[in-house]
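Anchor point for the sequence shown: position 524 equals 523 in numbering that gives the first Met the number 0, and the numbering is continuous, going up by one each time.
None of these hints come from the bench; they were simulated from the model.
It cannot be assumed that every hint is accurate.
[Claimed, not checked] Estimated spans, in silico, between C-beta atoms of each pair:
hint, residue 1, residue 2, range
1, Gly240, Thr152, 22 to 32 Å
2, Gly463, Ala210, 29 to 39 Å
3, Lys523, Lys214, 39 to 49 Å
4, Tyr150, Gly350, 34 to 44 Å
5, Tyr150, Thr258, 25 to 35 Å
6, Gly436, Pro215, 17 to 27 Å
7, Gly350, Met418, 25 to 35 Å
8, Gly524, Lys341, 16 to 26 Å
9, Thr336, Pro120, 42 to 52 Å
10, Ser104, Thr362, 16 to 26 Å
11, Thr362, Ala222, 14 to 24 Å
12, Lys95, Ala352, 23 to 33 Å
[To be verified] In the DSSO-like style, the derived pairs of lysine-lysine whose C-alpha atoms are separated by at most 30 Å in a straight line are:
hint, residue 1, residue 2
13, Lys412, Lys315
14, Lys100, Lys119
15, Lys223, Lys156
16, Lys369, Lys145
17, Lys475, Lys465
18, Lys228, Lys523
19, Lys430, Lys403
20, Lys186, Lys198
21, Lys103, Lys156
Where is the CB? At the ideal position from N, CA and C, for every residue including glycine.
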Amino acid sequence: MQKIDVMSAVAPAIRRGLSRRQLACGMAAGLVLAAALPAQAQAPASTLKIIAQSNITILDPIWTTAYVTRNFGYMVYDTLFGTDAQGGIKPQMVDKWAVSKDKKSWTFTLRDGLEFHDGKPVTSEDVVASLKRWSSRDTLGGLLAKSIDRYETPDAKTFIIVLKEPFGLVLEALGKPSSNVPFIMPKRVADTPGDQQIKETIGSGPFIFRADEFKPGERVVFAKNPKYKPRAEAPSGTTGGKQVYVDRVEWLIIRDPQTQMNALIAGEADILEQPAFEQYATLRVNPNIQLVDAQPSGLQYIFRFNHLQPPFNNEKIRHAAMIAMGQEQFLKTQVGTPGLYKFCKSMFPCGTAFESQATGDYTGVANPQKARQLLQEAGYKGEPIVLMRPTDQAPISKLPLVAKQQLEQAGFKVDLQTMDWQTLVSRRAKKDAPSAGGWNAFLTAWVAEDIQNPLTMAMMNARGDKGWFGWQDDAKLEGIKAQFARAGTDAEKKKLAEAAQLRAFETVSHVPLGQYSVPAAVRKGVTGIVPAGAQVYWNIKKQ
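Work the whole structure out from these sequences, hints included.
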C-alpha cells in the first residue's frame with residue numbers, strides 16, 4: 000500500500016490562505032480521496048527551493064541593476080575578483096597578477112580549468128570583451144574605462160590593462176560585489192552593445208541555467224555545473240570556493256507575501272529571500288524556521304527622479320520634492336518592526352566609511368509648508384507626476400503610497416501607477432514622456448555595498464544619457480568623482496566623498512529615505528548561507 004503524505008496534499012490549500020480549522024472538517028474525506036490517488040512525487044533532497052524576491056524577465060545583469068538579475072548572474076557567471084566579508088578584494092577567476100612600478104600596467108593571469116557551460120575555455124579575449132561591455136553601463140567601470148589606454152591579450156590566459164594614468168581602484172572595480180557586477184561572458188555574447196540585452200545565457204559559474212525549464216512568472220531552474228572547479232579557500236562574501244552541494248536549484252516565483260510564507264512553513268520551499276516585515280513576528284517563533292541576514296550591512300531606501308522629463312528636469316522642483324519627504328513615515332509605514340530600520344540622512348550608509356551629516360538643507364524631516372513655497376517659486380504648473388509602484392515587492396511596495404501622500408501635501412499632483420517589479424525595471428529604462436509610457440519617479444532600495452562611495456553609487460552616475468536611469472547630467476559631480484578616483488589618502492577620499500554628497504544634494508540627484516534590514520527566512524536543516532551583500536547560493540547544504 001502506498002504511503003500517503005496528507006500534509007503535502009493539503010499544503011497547497013494552506014498556501015491559498017485556508018486555515019487548518021477550515022481544513023479539519025474535510026480532512027477525513029480528504030484521506031479517503033487521497034487513498035484513491037497516486038502519491039505526490041517528492042522533490043529529491045538535492046533540490047534547493049528558493050522563493051525569489053520578485054519575478055525575473057530580464058536575464059542580463061549588465062543591462063540592469065535589478066538585484067534579482069544580479070543574483071541570477073551570480074548563479075551562472077563567475078568574476079575575476081570578489082569582495083570578502085571584511086571588504087577585502089580577493090582573486091576569483093584570476094590566478095596571479097602584477098602591477099608595474101608606475102602603476103600604469105596591470106597584468107593578470109587566469110587560473111587553470113576555467114570553462115564556459117558550452118564547453119569552450121574562458122580566454123583573455125572573453126574577459127576583455129566582458130569588461131568593455133560592463134564599463135559601458137557601470138558607474139565605477141565607466142570611470143575605470145576613462146583611465147584605460149588599451150587592453151592587451153598576449154595569450155589565451157593573460158590580459159593586460161594599460162592605463163593613461165594611475166587609477167587607485169582597479170581591483171575594487173574588478174571585484175565589486177553588487178550591481179553592476181563585472182561578470183565574465185563569452186566574447187560573442189559580450190560583444191552585444193551595453194544598451195541592448197544579451198540573447199544567450201552562457202557563463203562559467205557554479206550553476207547552469209536551464210533555459211528549457213524557464214517559466215517567467217513561475218519558475219527559474221539551475222543545475223549544478225559538474226565541470227566547475229572551485230577555489231581552495233573557504234567562502235567569504237563573493238570570494239573563496241564556490242562549492243555546490245545540491246544538484247539543482249529552483250527559484251519559485253510567488254507574488255503574494257502570505258502565500259510565500261505559507262509555502263515556506265508548509266515545507267514547499269527552503270528559503271524565503273525577502274519576507275514581508277509584518278511576518279517576522281510569526282517567523283521568529285516557528286521552530287522550523289531560522290532567520291539569516293545575508294546582507295548584514297543593511298539597505299537604504301531612495302527616491303529617484305527622472306531628470307530628463309518635466310517637471311523634474313527643473314532642479315528647483317526636485318528640491319521642493321526633497322523637502323516634502325520625511326524618513327520617519329516611510330520607515331514606520333514600510334518596515335514598522337522595531338530593530339529593522341533606522342533614520343539616516345546621509346547618502347552614504349550610516350556606519351560606513353564615508354557617512355556624512357553634511358547634507359545641505361536636507362534634514363530627512365518632512366516640511367510640506369516649505370516645500371509648497373519652493374514649488375510655487377519654481378513655477379510648477381500642476382503637471383501630474385507619474386510615480387511607479389511595484390506591488391509584488393513586499394519590502395518596497397508601500398513606499399510609493401507614502402511618497403504620494405507627502406508630495407500631495409506639498410502641492411504636487413501625483414499619478415500613482417501600479418505594476419509588477421519587472422515591468423517597472425523595463426519601464427524605467429524608457430526615456431519617453433510619461434504620457435507615452437515613460438515615468439517621472441520611482442522608489443527602490445540599495446544594499447550598503449553598492450552605495451558606500453561616489454564611484455559605486457549609481458545615483459551619482461551623472462553622465463547624462465550614459466548614466467543610470469534618471470539620466471542626470473552634471474559635469475561638476477563627475478569631476479569630483481574623478482578626483483576621488485585619484486585620491487591617495489583616506490582623508491582625501493573622505494573630503495571628496497563629502498563634496499560629492501553635497502553636490503548630489505544641491506542638484507537633488509535622489510533622496511535617501513533611511514536604512515533597513517530584511518533577513519531571509521530559512522527552514523531548519525538548510526545551512527551554509529554566505530553573507531555577501533548579495534544573495535548567493537553556493538556552499539549550501541540541505542538535510
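Structure-based check of all given hints:
{"no.": "1", "hint": "Gly240 <-> Thr152: 22 to 32 Å", "verdict": "27 Å, holds"}
{"no.": "2", "hint": "Gly463 <-> Ala210: 29 to 39 Å", "verdict": "35 Å, holds"}
{"no.": "3", "hint": "Lys523 <-> Lys214: 39 to 49 Å", "verdict": "29 Å, violated"}
{"no.": "4", "hint": "Tyr150 <-> Gly350: 34 to 44 Å", "verdict": "37 Å, holds"}
{"no.": "5", "hint": "Tyr150 <-> Thr258: 25 to 35 Å", "verdict": "49 Å, violated"}
{"no.": "6", "hint": "Gly436 <-> Pro215: 17 to 27 Å", "verdict": "21 Å, holds"}
{"no.": "7", "hint": "Gly350 <-> Met418: 25 to 35 Å", "verdict": "33 Å, holds"}
{"no.": "8", "hint": "Gly524 <-> Lys341: 16 to 26 Å", "verdict": "32 Å, violated"}
{"no.": "9", "hint": "Thr336 <-> Pro120: 42 to 52 Å", "verdict": "49 Å, holds"}
{"no.": "10", "hint": "Ser104 <-> Thr362: 16 to 26 Å", "verdict": "48 Å, violated"}
{"no.": "11", "hint": "Thr362 <-> Ala222: 14 to 24 Å", "verdict": "51 Å, violated"}
{"no.": "12", "hint": "Lys95 <-> Ala352: 23 to 33 Å", "verdict": "29 Å, holds"}
{"no.": "13", "hint": "Lys412 <-> Lys315", "verdict": "16 Å, holds"}
{"no.": "14", "hint": "Lys100 <-> Lys119", "verdict": "35 Å, violated"}
{"no.": "15", "hint": "Lys223 <-> Lys156", "verdict": "25 Å, holds"}
{"no.": "16", "hint": "Lys369 <-> Lys145", "verdict": "41 Å, violated"}
{"no.": "17", "hint": "Lys475 <-> Lys465", "verdict": "16 Å, holds"}
{"no.": "18", "hint": "Lys228 <-> Lys523", "verdict": "29 Å, holds"}
{"no.": "19", "hint": "Lys430 <-> Lys403", "verdict": "22 Å, holds"}
{"no.": "20", "hint": "Lys186 <-> Lys198", "verdict": "13 Å, holds"}
{"no.": "21", "hint": "Lys103 <-> Lys156", "verdict": "20 Å, holds"}
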